Amino acid sequence: MTLEDLRELAEKEQTRQAQFEHRILYCSSAGCVSSGCDAVKTEMKKALEELGLTKKCELVGTGCLGLCGEGPLVFVHSDPTLYQHVDAAAARRIVEEHIGQGKKVQENILDMNDPFFSSQKKIVLENMGNINAESIEEYIAAGGYEALAKALTEMVPEEVVGEIRKAGLRGRGGAGYPTGLKWDIVRKGVADQKYVVCNADEGDPGAFMDRSVLEGDPHRVLEGMAIAGYAVGASQGFVYARAEYPLAIDRLKTAIKQAERLGLLGNRIFESQFNFRIDIRIGAGAFVCGEETALLRSVMGRRGRPKVRPPYPSEKGLWGKPTVINNVETYANVAPILRNGSAWFSAIGTQKSPGTKVFAIAGNVKRPGLIEVPMGIALRKIVFDIGGGTPEGTQFKAAQAGGPSGGCIPTEHLDIPVDYESLQTVGAMMGSGGMIIIDNTSNMVEVAKYFSEFCMDESCGKCIPCRVGTKHIYMMLEKIIKGDATEEDFELLKELCMMVKETSLCGLGQSAPNGVLSTVRFFKDEYLVKLKKSGAPGTIVNQPAAELSPAAAKEA
Amino acid sequence: MSVITFIIDDEHYSAKEGDTILQVTRDNKIHIPTLCYLDGLSTFGACRLCVVEIEGSPKLFPACTTKPTEGMIVRTKTDRLKRYRRMIVELLASEGNHQCAVCVVNGHCELQNLAYEVGLDHVRFPYLFPHKSLDATHKEFVMDRNRCVLCTRCVRVCHEVEGAHVWDIAGRGINCEIIADLNQPWGTSESCTSCGKCVRVCPTGALFEKGASIGEMQKERGFIKFIVNARNKSEWVHTAHEEE
Chain F
1 MTLEDLRELA EKEQTRQAQF EHRILYCSSA GCVSSGCDAV KTEMKKALEE LGLTKKCELV
61 GTGCLGLCGE GPLVFVHSDP TLYQHVDAAA ARRIVEEHIG QGKKVQENIL DMNDPFFSSQ
121 KKIVLENMGN INAESIEEYI AAGGYEALAK ALTEMVPEEV VGEIRKAGLR GRGGAGYPTG
181 LKWDIVRKGV ADQKYVVCNA DEGDPGAFMD RSVLEGDPHR VLEGMAIAGY AVGASQGFVY
241 ARAEYPLAID RLKTAIKQAE RLGLLGNRIF ESQFNFRIDI RIGAGAFVCG EETALLRSVM
301 GRRGRPKVRP PYPSEKGLWG KPTVINNVET YANVAPILRN GSAWFSAIGT QKSPGTKVFA
361 IAGNVKRPGL IEVPMGIALR KIVFDIGGGT PEGTQFKAAQ AGGPSGGCIP TEHLDIPVDY
421 ESLQTVGAMM GSGGMIIIDN TSNMVEVAKY FSEFCMDESC GKCIPCRVGT KHIYMMLEKI
481 IKGDATEEDF ELLKELCMMV KETSLCGLGQ SAPNGVLSTV RFFKDEYLVK LKKSGAPGTI
541 VNQPAAELSP AAAKEA
Chain B
1001 MSVITFIIDD EHYSAKEGDT ILQVTRDNKI HIPTLCYLDG LSTFGACRLC VVEIEGSPKL
1061 FPACTTKPTE GMIVRTKTDR LKRYRRMIVE LLASEGNHQC AVCVVNGHCE LQNLAYEVGL
1121 DHVRFPYLFP HKSLDATHKE FVMDRNRCVL CTRCVRVCHE VEGAHVWDIA GRGINCEIIA
1181 DLNQPWGTSE SCTSCGKCVR VCPTGALFEK GASIGEMQKE RGFIKFIVNA RNKSEWVHTA
1241 HEEE
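Protein sequence lines correspond, in order, to chains F and B. Residue numbers for the first sequence follow the working numbering, beginning at 1 and rising by one. Residue numbers for the second sequence follow the working numbering, beginning at 1001 and rising by one.
Derived from the structure by calculation, the hints contain no laboratory data. There may be inaccurate statements among the hints.
[As the list claims (entries may be wrong)] With a straight-line cut-off of 27 Å between C-alpha atoms, the simulated DSS-like cross-links for lysine-lysine are:
| no. | chain 1 | residue 1 | chain 2 | residue 2 |
| --- | --- | --- | --- | --- |
| 1 | B | Lys-1016 | F | Lys-307 |
| 2 | F | Lys-307 | B | Lys-1210 |
| 3 | F | Lys-307 | B | Lys-1197 |
| 4 | F | Lys-150 | F | Lys-257 |
| 5 | B | Lys-1059 | B | Lys-1029 |
| 6 | B | Lys-1233 | F | Lys-316 |
| 7 | F | Lys-494 | B | Lys-1225 |
| 8 | F | Lys-122 | F | Lys-316 |
| 9 | B | Lys-1077 | F | Lys-501 |
| 10 | B | Lys-1132 | F | Lys-524 |
| 11 | F | Lys-103 | F | Lys-56 |
| 12 | F | Lys-122 | F | Lys-524 |
| 13 | B | Lys-1016 | F | Lys-321 |
| 14 | B | Lys-1029 | B | Lys-1210 |
| 15 | F | Lys-188 | B | Lys-1067 |
| 16 | F | Lys-501 | B | Lys-1082 |
| 17 | B | Lys-1210 | B | Lys-1233 |
| 18 | B | Lys-1139 | F | Lys-307 |
| 19 | F | Lys-121 | F | Lys-56 |
| 20 | F | Lys-253 | F | Lys-352 |
| 21 | F | Lys-352 | B | Lys-1132 |
| 22 | B | Lys-1225 | F | Lys-307 |
| 23 | B | Lys-1029 | F | Lys-494 |
| 24 | F | Lys-166 | F | Lys-352 |
| 25 | B | Lys-1059 | F | Lys-316 |
| 26 | B | Lys-1059 | F | Lys-479 |
| 27 | F | Lys-321 | B | Lys-1132 |
| 28 | B | Lys-1233 | F | Lys-494 |
| 29 | B | Lys-1197 | F | Lys-316 |
| 30 | F | Lys-188 | F | Lys-122 |
| 31 | B | Lys-1197 | F | Lys-501 |
| 32 | F | Lys-307 | B | Lys-1077 |
| 33 | B | Lys-1197 | F | Lys-12 |
| 34 | F | Lys-307 | F | Lys-479 |
| 35 | F | Lys-530 | F | Lys-494 |
[Claimed, not checked] The following label-pair restraints were derived from C-beta to C-beta distances:
| no. | chain 1 | residue 1 | chain 2 | residue 2 | range |
| --- | --- | --- | --- | --- | --- |
| 36 | F | Val-156 | B | His-1031 | 25 to 31 Å |
| 37 | F | Val-33 | B | Glu-1140 | 41 to 47 Å |
| 38 | F | Gln-424 | B | Gly-1119 | 49 to 55 Å |
| 39 | B | His-1031 | F | Asp-279 | 23 to 29 Å |
| 40 | F | Thr-254 | B | Thr-1193 | 34 to 40 Å |
This structure is a prediction, so every number in the text was calculated from the model and none was measured. All C-beta atoms, glycine included, are put in the ideal place defined by N, C-alpha and C.
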C-alpha cells in the first residue's frame, strides 16, 4: 500500500457511493440496538427489495447519531433528514414515501436546526452518521489513514510528537496530561521494545463516549495508535477493552482484520520501515483496571491492582518497557490533528484546553445522548441548549461531571467554562466525559451514597484508606439517610473523606470521596436536616473508656 | 555515587542516590511508622502509614517509595500526618476481628504496637466484625484471616524469597482475602514448602505456629533482610531487629 493506492481506494469508494441516489444510515450503536434498530434495518431492507430500490438507495449501519434518547435514529444522507423513534412501520414509510416518492415522513422528523446539533463541534465524532461503521473503505473515502501516510512518508517521529505538542492535545481520559509530552518521554526512552496502549476500559456510571467511538469509528482509534507507535518507536499496540462492550470489541476485531488485509497494520506500513501490530485485551470488569498502572498489569495477565508511581508507564510500563497509554478519545483526535495541522486544532477550544470534548449526557435531562463540544463552552449551554434542560415540572439542581471520582456542580456555577482547570475549581473534574444531570427530585445525600457505593464496590483493596475508608464512608451516609447520625458523625465523615482523599494510593482512592465532599460543599443543608443534635435523646455518643468514671464503668 | 542533601524535620541529612526517604530515616534513627514495608521485600506502598509531607506539594508521599531530591524539605510528624496515621490504624482496627487479649501474638504484634504509638484509645467507626475463615489444615501453621491486615508480606516473601508463590489475594475491596494456591486448604497446597517464612514476617497473629497459646507466638521479622543481603551481596551480617 502506498499513498497513491490509498487515494485510489478512496476514489473508488467515493464513486461507488455516488452511484446511489440515496444513502440511508441507521444508527447501529448499542443505544439504538437496544431500542430496536435491528428490526428497522430488516424492515428497510425488505422494503427496498420489494420496491426494487436497491440500486437507487444504499442502506448502511453507522455510528452513534447522538440523540440516544430518541432512538432508533435513521439519517437520510442525500437529502439530510434525521428521523427519530423509528419503528418497523415508520421504517417502511421512510423507504416508501421518502425514498420512493420524495415525500418526507413528517411525523418522525427531528429538527436538525435544533441547538442540540448547532452547538456542537465535531472532530472525534465527525464520521458518525457519515460512514459505515464496519467498512474500512468508507473510512478511507472520508480521509482515513491519510494522516498515518503523511506521518510515515513525510515526517520523522520527532516532528509527529512536535505537532501533537504544538496542538496542545491533552489526555481525554480525565487527568488532562499533555499527550505530546507523554509521547516525547517514551520517544526518548532507550529500549529494545516499546508499547502503545489504548485505554478502552470506560467504567464510569452513565458514560458511553469511548464505546460509541469504538462502535462507530474504530479505524480512527487504530490510526491514532499507529501514529503514536511511529512517533515513539513502538511496534506493538494493545487495546484494553472491557468485556461489557461486546459490540465495540466485535467492530474493533473487524477493523483490525481489515487494516491488516490492506497492509495498514503489520509490516512495512506504507512501504516504510515501520511495523505495527495491534492486539485486543479484554478486561474482566474491574473499574480499577481503568487506572493506568492496574490496566498495564491486567494486560500482562496479572492481578489488576494499581502500583505506586513513579516510575510512570512512560518510563517503565508493560514488561518494564516505555509505554504510551492514552484513552480512546485521545487517539481519536490524533489523525485529524495531523491531517489539518496543529494550528487548526489549537484554535478550537480554549488556550489551555484546546480542541473538543465528547460528553455522554445522562440523567434527568430531556435529551440524553452523545455530544461533542468545543472546550470552554459554558456548562449552562450543555445542560439547557444541548440537553434541553430537565423534564417539565422539575428544576435543575446539579450536573455531576467526572464519573464517581467527579463532583456535583450546582446552579450557581452553571456559567463555568467546561475545561480541565475550571472544573477543578468547583471540586469536579473533566473525567472521561460522563455527565449526569440531576434535578430537584433527587436528594444529594442519596446521590453521594450512590457514588460512594460504586467506589466501595470497585475498590481493589490494596491500600487501607480506600479499602476500609470507602466502606465507612458508605455506612456513614446510610446512617445519615436513616436519620441516625449526629453532628459528630458528620464531622467524622468529613475528616474521613479528607484522609481517604489525601492518603490513598491511586487516583481512584484519592477521588473516591469527591462525591461526598462536593455535595457537602454545595448542598450542606441536605445533610444538616438529617442530623440529630448531639446529645439528643436516642443518640449514643462514642466515649473513650478511659474517660468514664469508675462508677460509670461499673454501671456499664 | 552522588550524594543528595535534604531536610527531614528541620535537620539536614544526606542520602545515597537511589535511597528512599524511609531508608534515610531508618539509617538515622528517625521513626516513621510502617506496616506493609519490610526490609528485604519489594516495596508495596499500600498501608499509607509512612506518608510524609514534602514542601511545595499539597500531596502526601509514601516515604517507602519516594526518593529524596536535592534540597527537598520533608516533614514526618505534622498534626495532619498524626491525625491521618491514627485514622488508618483506626480503620484497620474496625476492619478485622482483632481481640488482643486472646491473641497468640499479644505483646509482639505490630498492629498493637501501632495502636499504642498513634494513641488509638478508642475507635470512632463501627466495628465491621466480618465473617472470616481460619485455616488450620497445614501440619505446622495456622492462617487466621480474622487477624489479617492484608499487608501482603506473606505473599511477597513466598514469591520473592522462597520462590513458591503459595499465597495470593482473592476478591476485591473490603472482601479481599489471602488465599493459598487456587483458594484451597493450605494443608493441601503442593506448592508450599513449609519453610515458615510467611509466619515469621506476618505483622499480626494471622499466621502462627500450631501449639502457640496466648502471647506465645514471637516473630522474627528481620531475618528476611539477612537472607536477601546474603544472597544478593554475599554479606553474612545481621543488621536486622532495628525496627522490631
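### Message
Flag every earlier hint the structure violates by its number, smallest first.
### Response
2, 7, 8, 10, 12, 14, 17, 18, 19, 20, 21, 23, 26, 27, 28, 29, 30, 31, 33, 34, 36, 37, 38, 39 and 40
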